[in-house]
Amino acid sequence: MMKIQLNNREELFEEEKLTVSEILALKNFSFKMLVIKLNGKLIKKTDYDTTMVSGGDEMMVLHLISGG
Amino acid sequence: MTFDEIKSILKTKTVGIAGCGGLGSNSAIALARVGIGSLVIADFDVIVESNLNRQYYFHDQIGMLKVFALKQNLKLVNPEVRVHAFDIRLCISDIVEIFHKCDVIVEAFDKAEMKHMIIDAVHTHMPEKHLVVGIGMAGWGDNELIHCRRSDKLIICGDELNEIAEQNPPLAPRVGVVANMQANAVLEILLGKNPYK
Chain U
17 MMKIQLNNRE ELFEEEKLTV SEILALKNFS FKMLVIKLNG KLIKKTDYDT
67 TMVSGGDEMM VLHLISGG
Chain V
35 MTFDEIKSIL KTKTVGIAGC GGLGSNSAIA LARVGIGSLV IADFDVIVES
85 NLNRQYYFHD QIGMLKVFAL KQNLKLVNPE VRVHAFDIRL CISDIVEIFH
135 KCDVIVEAFD KAEMKHMIID AVHTHMPEKH LVVGIGMAGW GDNELIHCRR
185 SDKLIICGDE LNEIAEQNPP LAPRVGVVAN MQANAVLEIL LGKNPYK
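Chains as they are written, first to last, in the numbering used here: chain U, 17 to 84; chain V, 35 to 231.
Just so you know, these hints were derived from the structure itself, not from any lab.
A portion of the hints provided could be inaccurate.
Said to hold, decoys possible - List time: in silico BS3-like cross-link candidates among lysine-lysine, alpha-carbon distance up to 30 Å:
id, chain 1, residue 1, chain 2, residue 2
1, U, Lys53, V, Lys163
2, V, Lys109, U, Lys60
3, U, Lys43, V, Lys145
4, U, Lys53, V, Lys135
5, U, Lys48, V, Lys187
6, V, Lys187, U, Lys61
7, V, Lys187, U, Lys53
8, U, Lys61, V, Lys227
9, U, Lys57, V, Lys227
10, U, Lys48, V, Lys109
11, U, Lys33, V, Lys187
12, V, Lys47, U, Lys57
13, U, Lys43, V, Lys187
14, V, Lys135, U, Lys61
15, V, Lys187, U, Lys57
16, V, Lys163, U, Lys57
17, V, Lys145, U, Lys61
18, V, Lys135, U, Lys57
19, U, Lys53, V, Lys47
20, U, Lys57, V, Lys145
21, V, Lys135, U, Lys60
22, V, Lys41, V, Lys145
23, U, Lys48, U, Lys19
24, V, Lys145, U, Lys53
25, U, Lys53, V, Lys227
26, V, Lys145, U, Lys60
27, V, Lys145, U, Lys48
28, U, Lys60, V, Lys187
29, U, Lys19, V, Lys187
What the hints assert, rightly or not - Ranges between beta-carbon positions, derived for each pair:
id, chain 1, residue 1, chain 2, residue 2, range
30, V, Cys182, U, Phe47, 17 to 27 Å
31, U, Gln21, V, Glu222, 19 to 29 Å
32, V, Pro113, U, Arg25, 44 to 54 Å
33, V, His181, U, Ser70, 22 to 32 Å
34, U, Glu38, V, His93, 18 to 28 Å
Where a beta carbon is used, it is the ideal one built from N, C-alpha and C, also for glycine.
Excised from the complex, chain V in its bound form (with noise of 0.2 Å):
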């Protein structure tokens, strides 16, 4: 396929980022970029200095909330993307709402107890849905141990193992590395598997 043809393919298509840390904002600017027709993106956070390691914001935008910002940035790599925002701590019942007319949905939470509630609320509520969740990013190096595996609808992408800890921080090449095959594996999804090998 040619980039015009991916481009007419994605432009049709909506894809959800539930969270805008690190994992949501650079994933959602991947997709951007790529030409992706609608983006749904959620968070309740504002940006502190220390998001900055690693989240796809700017140091200006120091105190302005994530989803805002997230639409400014996204607006400037693609000003033809269509962003819905929504300022908000998310629960079941908002991730229906919100992203039931989504084609994807790309998990991007911190707290793995969040993680859980989106898999339990896709899997019960909206089985149909593909969901790309990101889980073990922490750290440096280690890039063999980064991997794709999948159940049915579900995809993971991550290492698995690293979870966040003082000693441990989410840095922006690793991060990156998932949100990127989030995205990737978004695009799997939406264009098939590439045939050209």
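Extracted from the complex, chain U is given alone in its bound form (with noise of 0.2 Å):
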């Protein structure tokens, strides 16, 4: 079980530790324009697979929309 702050709400995954894909897809993020920052850091598309979010991580996910 994990605990993670995402976009300023608390969720719980029955896992210890998941991908930042992982929790796109559990959450359904579907959208191709996405920003996506974990503990303030920026993670690139390409680095989706392979970075892993644990316990007490801060996750900010923007979907991005045109308008201004």
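Got two chains here, each in a separate frame; can you build the complex from them with the hints?
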């Protein structure tokens, strides 16, 4: 079991560790234009499969949409 | 802090504005009003009539390059603000070159791809820099959905929900709220949290 802060909300997962990709799939973030930050650090798309998220981590998922 | 004290801090500061549409023109004007020292503004576009429903331009400026019209308007509001205007379609290397001396950068692009590019560029090449991004401001109403959140030096303003579409156009009130929220976030970065409650 692990507890993380996802977009400022507490989230519980049964697993001890998950990759960024696995969390995106579990939480149904299916948009193409995403920005992911883990503990303040930007995670590149090519690293989603290899970057591990563990208990206590802070993750920001930002869905970019047009307008400005 | 009194307004004179605030101005004396702000006049030493430089803010970059990436894009001079609804977010960029309105946040730049707000920063000029409170006495920011310098603004670095960049855009490639020309003003058309449909921009006037939200962007800080005037009818007789239609056809002008946005950066030059905005420079004019900023100077009318506050002649003391220094404005460095770049008529350019920004790419990653331009972003670094143009904005590296700024204390804060305001992301004010229209397209999601461009928002992605500047977030990536700032995190990769200027990780020490604060970036204030506007995401989701189309339509009207839903005031309670507009918010601000941050992760380290990245600050997000908007509803993160309402994408512009034919049936969901960007309009002055909501775009202005988010643009001014971005300017307000810039002040908090430059002045620190307001201790007066």
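Comparing the hints with the structure gives:
{"no.": "1", "hint": "U:Lys53 - V:Lys163", "in the structure": "holds, 16 Å"}
{"no.": "2", "hint": "V:Lys109 - U:Lys60", "in the structure": "violated, 40 Å"}
{"no.": "3", "hint": "U:Lys43 - V:Lys145", "in the structure": "holds, 25 Å"}
{"no.": "4", "hint": "U:Lys53 - V:Lys135", "in the structure": "holds, 25 Å"}
{"no.": "5", "hint": "U:Lys48 - V:Lys187", "in the structure": "holds, 23 Å"}
{"no.": "6", "hint": "V:Lys187 - U:Lys61", "in the structure": "holds, 20 Å"}
{"no.": "7", "hint": "V:Lys187 - U:Lys53", "in the structure": "holds, 11 Å"}
{"no.": "8", "hint": "U:Lys61 - V:Lys227", "in the structure": "violated, 34 Å"}
{"no.": "9", "hint": "U:Lys57 - V:Lys227", "in the structure": "holds, 23 Å"}
{"no.": "10", "hint": "U:Lys48 - V:Lys109", "in the structure": "violated, 40 Å"}
{"no.": "11", "hint": "U:Lys33 - V:Lys187", "in the structure": "holds, 26 Å"}
{"no.": "12", "hint": "V:Lys47 - U:Lys57", "in the structure": "holds, 26 Å"}
{"no.": "13", "hint": "U:Lys43 - V:Lys187", "in the structure": "holds, 25 Å"}
{"no.": "14", "hint": "V:Lys135 - U:Lys61", "in the structure": "holds, 28 Å"}
{"no.": "15", "hint": "V:Lys187 - U:Lys57", "in the structure": "holds, 10 Å"}
{"no.": "16", "hint": "V:Lys163 - U:Lys57", "in the structure": "holds, 13 Å"}
{"no.": "17", "hint": "V:Lys145 - U:Lys61", "in the structure": "holds, 19 Å"}
{"no.": "18", "hint": "V:Lys135 - U:Lys57", "in the structure": "holds, 22 Å"}
{"no.": "19", "hint": "U:Lys53 - V:Lys47", "in the structure": "holds, 28 Å"}
{"no.": "20", "hint": "U:Lys57 - V:Lys145", "in the structure": "holds, 23 Å"}
{"no.": "21", "hint": "V:Lys135 - U:Lys60", "in the structure": "holds, 25 Å"}
{"no.": "22", "hint": "V:Lys41 - V:Lys145", "in the structure": "violated, 33 Å"}
{"no.": "23", "hint": "U:Lys48 - U:Lys19", "in the structure": "holds, 26 Å"}
{"no.": "24", "hint": "V:Lys145 - U:Lys53", "in the structure": "holds, 21 Å"}
{"no.": "25", "hint": "U:Lys53 - V:Lys227", "in the structure": "holds, 24 Å"}
{"no.": "26", "hint": "V:Lys145 - U:Lys60", "in the structure": "holds, 20 Å"}
{"no.": "27", "hint": "V:Lys145 - U:Lys48", "in the structure": "holds, 14 Å"}
{"no.": "28", "hint": "U:Lys60 - V:Lys187", "in the structure": "holds, 17 Å"}
{"no.": "29", "hint": "U:Lys19 - V:Lys187", "in the structure": "holds, 24 Å"}
{"no.": "30", "hint": "V:Cys182 - U:Phe47: 17 to 27 Å", "in the structure": "holds, 21 Å"}
{"no.": "31", "hint": "U:Gln21 - V:Glu222: 19 to 29 Å", "in the structure": "holds, 22 Å"}
{"no.": "32", "hint": "V:Pro113 - U:Arg25: 44 to 54 Å", "in the structure": "holds, 47 Å"}
{"no.": "33", "hint": "V:His181 - U:Ser70: 22 to 32 Å", "in the structure": "holds, 28 Å"}
{"no.": "34", "hint": "U:Glu38 - V:His93: 18 to 28 Å", "in the structure": "violated, 54 Å"}
Going through the hint list in order, the structure does not satisfy hints 2, 8, 10, 22 and 34.
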